[in-house]
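Residue numbers (numbering that gives the first Met the number 0), protein chains in the order written: chain W, 0 to 135; chain S, 0 to 135; chain C, 0 to 135; chain A, 0 to 135.
Bear in mind the hints are in silico, worked out from the structure with no lab data behind them. Please note: incorrect hints may appear among the correct ones.
[To be verified] Examples of chain S residues toward chain C, derived with CB under 8 Å:
no.: 1; residue: 12
no.: 2; residue: 34
no.: 3; residue: 70
Heads up, the beta-carbon is just placed ideally off N, CA and C, and yes, glycines get one too.
4 protein chains.
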Amino acid sequence: MPTFRYNRTIHFSDTDAAGVVFFARYLSIAHEAYEEALGANGILLAEFFSDNGVVIPITRSEASYLRPLHAGEKICVDVTPVQSGPHSYTLDTTIWKIGPPEKKAAVIQTEHVCITSTDRKKIDLPSELTGWIDAD
Amino acid sequence: MPTFRYNRTIHFSDTDAAGVVFFARYLSIAHEAYEEALGANGILLAEFFSDNGVVIPITRSEASYLRPLHAGEKICVDVTPVQSGPHSYTLDTTIWKIGPPEKKAAVIQTEHVCITSTDRKKIDLPSELTGWIDAD
Amino acid sequence: MPTFRYNRTIHFSDTDAAGVVFFARYLSIAHEAYEEALGANGILLAEFFSDNGVVIPITRSEASYLRPLHAGEKICVDVTPVQSGPHSYTLDTTIWKIGPPEKKAAVIQTEHVCITSTDRKKIDLPSELTGWIDAD
Amino acid sequence: MPTFRYNRTIHFSDTDAAGVVFFARYLSIAHEAYEEALGANGILLAEFFSDNGVVIPITRSEASYLRPLHAGEKICVDVTPVQSGPHSYTLDTTIWKIGPPEKKAAVIQTEHVCITSTDRKKIDLPSELTGWIDAD
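Based on the sequences and whatever the hints tell you, model everything.
Put into structure tokens, the structure is as follows:
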């Protein structure tokens, strides 16, 4: 259950007319962190999908939005994968507004299920992924 | 607890390289339905916020992604508000892929809390909103 | 050179912290109008691409942003295709803020070139597209 | 006319069902580079606007899309400001796919005009901005 930390700045395009990050963008940012974590483990999501006949859609998400974020603010995003079954894993993501003081801006959980791209049947997680999830 | 139905087509900009709607976009689409429901009840979210010194951030979301959606597909979105306290309400949103047969594509729940825009203290929901939520 | 009109409301997710539509979103909106115009002519962009081994990337865009647009405002978008060569066409798009009085919000031009999806060589426009572009 | 270089990875949320970055996202990416360039010069766009009663909308954009970009690819973005009048400046932006070999993916030009936020009259560029634009 290795935690990966991703750093990012809030962009104008993340915000809406209320002056802060649009709620759905927190999930996009969490997904960026996930992609970076995979990349840091030698897994390129794009190639991975096209090469293996598997897709790993997100089947569920939960998010608590704790604090507004503004354009220009620096955040860091911690993402931790946890295997939840032979075909699935959960990502626990926390978005922090960088301080001092550091403040928790959002907590997000997403569920990912591995299926075949053709008939969408559940299949075991590929070893590249379990390698990442089980690493210390 | 009036249900509002919003119709929409899936756009290319909703999709990602997996060929289907990016998961966070389901939440954006749910928010569009919410805005349209407010508008149909004479409430313009943009003006409402700037005129009243209140903001109604989303504090929590849950979503189940049940079915992939592709560019060009027609969807309808049912949104039902339920008051959950003096300062808050929940929106229950269902995204349907229009058929035949009609198929449930996602179920989304968001929690909205009414606060002052300056010191972010909880305040009672404005009457325009309770008027909408309580309507039959 | 048929002009297609697309109606739409500005959503919160189109805006940024300046309170108005983010400039790049005008181009997304223009693309939505293009997709709707194709759909109205029986062409589903998604299937079209996957069925034919052709892709029609946008190679160039120009946009004049004339007027800010706010969440909740109603717009209409006029899109007119003009064939610019055997392999390409231009879309002239005008975004109007619906009145009264109606006001021009943006003028956008995009260039589209038809190529094979494998080796990215220019090929003649498919008849479905020339049928749309040449229609009166 | 200082050139600022911004590094970034292409995210899934940048792409569309054609498998590559959606054309309008190139402009969003160019804007991110602009924001980072301002930030590196001590200018926080968000505060800058709210503190000064000025806004600097983009009035025009031109973009040539030269090469598709895929999720996971590394890019760098060079942005160079050029003052074009007492109230305006142009940003010349080039997006490179990092190599080897490095390849030009897009060339973008945007025009920015400084106006008052209330009556939208042209005003001289603030000294913070001319300080950035004139720096060597």
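Hints and how they fare:
For residue 12 of chain S, the interface hint holds, since its Cβ comes within 8 Å of a Cβ in chain C; the closest pair sits about 5 Å apart. A least Cβ separation of about 6 Å between residue 34 of chain S and chain C falls short of the 8 Å threshold, and the interface hint therefore holds. With a least beta-carbon distance of about 4 Å to chain C, the hint placing residue 70 of chain S at the interface is held under the 8 Å criterion.
Hint check: no violations occur; every hint is consistent with the structure.
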